[in-house]
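**Student:** Protein chains in written order, with our numbering: chain A, 20 to 235; chain B, 615 to 932; chain C, 509 to 1041.
A hint or two may mislead.
Unchecked claim - Residues from chain B that keep clear of chain C, each with C-beta distances beyond 12 angstroms, as calculated:
hint, residue
1, T735
2, M776
3, Y797
4, K804
5, K869
6, Y892
Claimed, not checked - One side of the interface only, derived from the structure: several residues of chain C facing chain A at Cβ under 10 angstroms:
hint, residue
7, S551
8, A552
9, F553
10, L554
11, G557
12, D617
13, A720
14, A725
15, D743
16, R924
17, A927
18, P930
19, K932
20, I933
21, W1008
These aren't lab readings, by the way, just hints derived from the structure by calculation.
Glycine included, each C-beta is placed from N, C-alpha and C at the ideal position.
Okay, here's what each chain looks like letter by letter:
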Amino acid sequence: MSETRTEGVRHFAHHFKSAFHEFDACKVGMWLFLLQEVLFFAPLFVGYAVYRALYPEAWHEASHLLDWKLGALNTVVLICSSFTMAMGVHAAQTGRKNKIVLNLGLTILLACCFLVVKYFEYSHKVHVGLLPAGMFTYEGLQHAKSPLFFSLYFMMTGLHGLHVLIGIAVLGWIWSRARRGDFGPDYYTPVELTGLYWHFVDLVWIYLFPLLYLVG
Amino acid sequence: METAFAQMLPPVASDVAGNWDTLFLFLVGVSVVFFVIVVGSMLWFLIKYREKEPGQKVGNIVHNDKLEFLWITIPTILVMIIFAWGWIVYKRMVDAPESAYDIKVIGKQWLWQFQYDNGKTTIGELIVPEKIPVRLIMTSDDVIHSFFLPDFRIKNDVVPGMYTKVWFQANEQGEHTIFCAEYCGNAHSKMMGTVKVVSLSEWETFQKGKGAPKERPASLVEWGQQLYTDKGCFACHSVDGVKGIGPSFKGIWGKQEEMSDGSHILVDENYVRESIEYPGTTKDKLVKGFPPVMPTFKGLIAEEELNALIAFIKNLKE
Amino acid sequence: MSHDAPAHGSHDNYLTHKRGLWSWLYTLDHKRIGLLYLFTILSAFLVGGIAALMVRTELWKPGKVFLDPDGFNQAFTYHGSIMVFMVILPLIPSALGNLILPMQVGAKDVAFPKLNLLSYYVFLFGVILAVATLFTSGIDTGWTFYAPYSIRTSTATIMVVTGAFFMGFAAILTALNFITTVHKLRAPGLTFGRLPLFVWCIYATNIIQMLATPVIALTLMLLVFERLMGIGIFDAKLGGDPVLFQHFFWFYSHPAVYIMILPAMGIINEVIPVFSRKNVFSYWGMAGAVFGIAVVSFIVWGHHMFVSGQSETANFVFSLLTMFVAVPTGIKIFNWVATMYQGSIRLTTPMLYAMAFIFVFLVGGLTGVFLATVSINVHLTDTYFVVAHFHYTMVGGAIMAFMAGLHYWFPKFSGRMYAEFPAKISWFLIFLGFNVTFFPQFILGMQGMPRRYYSYPERFTNLNQISTVGSYLIALGFVLALFYLIYGLLWGKKAPDNPWGAETLEWKTSSPPPHENFIREPVVTHGPYEYQI
């Protein structure tokens, strides 16, 4: 790996006093954004908790129909992507251009892997009729409320998957900026903020995996 | 003063309604006192400290611990008293005596249906005995409704997929209006009913299943008209030609009506009967321009009653 | 009205800094974005107001006046959802907040100007999406979108709900922007103890917006999926629980009423000290009360559901907690009145609106205690008593305060004065009309008239007719306001920089302010209401 070093583009908006002032404000803004993201996912977790408390047998029965091996694989994939993301941020802070590009690229690749695995999981469920309650056609389940589990499964993993997709788009954008040499020790705000977002997406999955796949 | 307020409230038809009114009047009293103090001092300051010349001397008061302590503690104590009193009355409203007589209630768009232990079913009219606690066990067939009896000061939502309860003990014989208080669609404001409080002997007759509590009119048409009101048909079907949620009955008899699929059906005895028992959910049985929302009356209307209704509709022929 | 702003004087200001339609649509200036919001929201207010008049007209007598039941249901649904989601929620925080808040903290702009413009367009997109349903099958669910009715109805629920989703998203982004601005962009010397109370109130509002809005956003999204593919979470027919929808809905919508009222209180906090020429009574009591209300607002949502089928324990807890809202609210009212004591009161239009606010908000607050009392609530909930109560707090509270703020800051953002005399007439019509409209509704509710009724028993006719007459008085007042405000905007007397002699920072720059608010960065040396110095 060559040691191309970049300084990053020194610029900040006119209403800030310094580049650090801007960086500081952006971080506050991002943390606030992540805070509202937590609340955005919250109703799904609450809905999950309510129905699980009411119908534990249905949850037990339905969660066995999820493939925990694929879930575990995806967990590993996402944790690796969080690691490459963190490496990317570190590379940006120290101004190693090629390392930024490489690590961001790896993160995007891993995110795509995650979606591919998810695609196979989804298509299998669609195939056998394990669908949200209104379209549920699978016949191997006893409990009347088991279809609700799949409603929540699709809503929760669907919303998470949407966050992964958005993450890929944002990562793609900063990846191309990194290739242009925009980031370095003086300016790496977008890399840092995307990193925060990506770790959050990862964290949501860390909760989803045991709640959906292992609860049985 | 007290009587003036009493007139603003519905009649007191149950024990708990009296408790309710007392608490309500207490709240009105407290509110009036606070209102007079705040608005009174505001107007007084406005007059007394109105600017007479620019730059006139003003006080320099930025806080007053005693005063602030007072207007934190007094309202806190007051609202706690109100809460406790409110809770005591509430417990009386919801804790039904063990001996209460259960009646099942089903709300559906847009009528109330009542089922009694003797297997009888009434629509739109709830028959209850006086001075005996009655508990209603309610559910909904479609969307959320709310069973509201102003004269008894009771209300509870009627929710699909679960049972909710209210109870009351009527003081004396009489009739009281039931409203639906949760918005449920086009005929929400017509989803009304009546509670008929009857004497114990009438109640026993009704319980034994002998004789209808209502006197039956001599002519079939008049009986049909009575059923038209009692069964709640009026909520959706007018008799003056105005288009409601369903087609108006005026002049409908003997007409070739166009159905949703474009076909035509003659409105005769068979079609009316079928539409009451199995309301048109398929396009070839549903009159064009109307939604498929009518609930089924299968099993809720006797043969004689069907005949009376048909006679009534027939009579509305232009 | 904002697109063709006239030239003001010779000095460069934000209205003349750049010209042309494009410079407005692509502006990053918080003041211009504030005006865009104001224009959009007031247009929505017009539509919502017309819907209100349709509702009141239809209720002139039992039975049909000019609408059929479906038309009536759509009219009250549009009235409710437009007024709540497009008018009162964003009115003060987004419109006046954008115009004033950055100046009050002495900043050149908000922390993220591009995000600010994006928020506006997201909001506008939501508004257009929702209002466009007027040309489709409409919507008839009521603004509460209760499941399962909203799942079953054949109207364009998805579009309106998605519109509300976008409006919520815009509110979240604006809140994030303002919180960062207050934390990071205050002028030198502007400590938290010297912040104008309007900033405190908007700040508390923003926190509620950040924490509550995401919940409704997701809930509305679930409702969309409920209709699209029957996820069944709120649908009893598919095994779900309709009451869960109400819990989610009110978890947001109760805090939302404080999103509406806290900024209103913020305006009253500015207006009363300025026109009493006196320091505000108990600054920290005021700021503390705002945060007290904000915290309690998150744990009282169940008082909307006393008869919904939730448990008795829940009713006990929610009723008890709700009682505590009365205490900080009382503190604020007492403090406002105490601020006037020994003052030097000028009865300008903003001050008149502020006093009208105290009057009607007090009635709204006191009747709130009625509804918080669980047994009293059983009879009164879902009747016109509730309708009257929330109009006394929402319209009486938020709209009266907005009018106070609009007149108070009018010289600042337009550079011209409005005419006092027609303003006072208009105030009188609105204040009188408001009470004539809504006070009879308390009595209607006590007598048991349920809300959202197309028709009603004969005995309610008189009170309904008084109410309808009142609604026309309000409309007249607002039409008058529209005329003299437009007149003031175009041909009004030039405003001095600080016509009211106020001490907060937005008055320390010219009227209208220059492009970046201040020629030289202001330095703050004392509190916001120290007129005696």
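**Student:** Run every hint past the structure and note whether it holds.
**Tutor:** Evaluated hints:
The Cβ of T735/B lies farther than 12 angstroms from every Cβ of chain C, with a closest approach of about 22 angstroms, so its non-interface assignment holds. Once the 12 angstroms rule is applied to beta carbons, M776/B is inconsistent with being away from chain C; the minimum gap is 6 angstroms. Once the 12 angstroms rule is applied to beta carbons, Y797/B is inconsistent with being away from chain C; the minimum gap is 4 angstroms. Consistency note on K804/B: stated as away from chain C, yet its beta-carbon is not over 12 angstroms from all of that chain's, at 7 angstroms minimum.
No beta-carbon of chain C is positioned within 12 angstroms of the beta-carbon of K869/B; the least distance is around 22 angstroms. Consistency note on Y892/B: stated as away from chain C, and its beta-carbon is indeed over 12 angstroms from all of that chain's, at 20 angstroms minimum. For S551/C, the interface hint is violated, since its Cβ never comes within 10 angstroms of a Cβ in chain A; the closest pair sits about 28 angstroms apart. At its closest, the beta carbon of A552/C sits 24 angstroms from a beta carbon of chain A; the interface hint therefore is violated under the 10 angstroms criterion.
At about 27 angstroms, the closest approach between the beta carbon of F553/C and any beta carbon in chain A exceeds 10 angstroms, and the interface hint on this residue is violated. Using the Cβ-Cβ criterion of 10 angstroms, the hint placing L554/C at the interface with chain A is not satisfied: the shortest such distance is roughly 31 angstroms. With a least beta-carbon distance of about 32 angstroms to chain A, the hint placing G557/C at the interface is violated under the 10 angstroms criterion. This hint holds: D617/C has a C-beta 4 angstroms from the nearest C-beta of chain A, less than the 10 angstroms allowed.
Taken as an interface hint, A720/C checks out: its beta carbon lies about 8 angstroms from the nearest beta carbon of chain A, inside 10 angstroms. Below 10 angstroms, beta-carbon pairs count as interface contacts, and A725/C has one with chain A at about 6 angstroms; its hint therefore holds. A hinted interface residue such as D743/C counts as satisfied when its beta carbon comes closer than 10 angstroms to some beta carbon of chain A; here the least separation is about 8 angstroms, so the hint holds. Because the closest C-beta pair between R924/C and chain A is about 27 angstroms apart, greater than 10 angstroms, the hint is violated.
Given hint, A927/C at the interface with chain A, is violated; its Cβ is 36 angstroms from that chain's nearest Cβ, farther than 10 angstroms. Below 10 angstroms, beta-carbon pairs count as interface contacts, and P930/C has none with chain A, the closest being about 38 angstroms; its hint is therefore violated. Among the interface hints, the one on K932/C is violated; its C-beta lies about 39 angstroms from the nearest C-beta in chain A, farther than the 10 angstroms criterion. Residue-level restraint check for I933/C is violated (minimum Cβ-Cβ distance to chain A is 42 angstroms; threshold 10 angstroms).
Interface hint status for W1008/C: violated, as the beta-carbon distance to the closest one in chain A is roughly 27 angstroms, over 10 angstroms.
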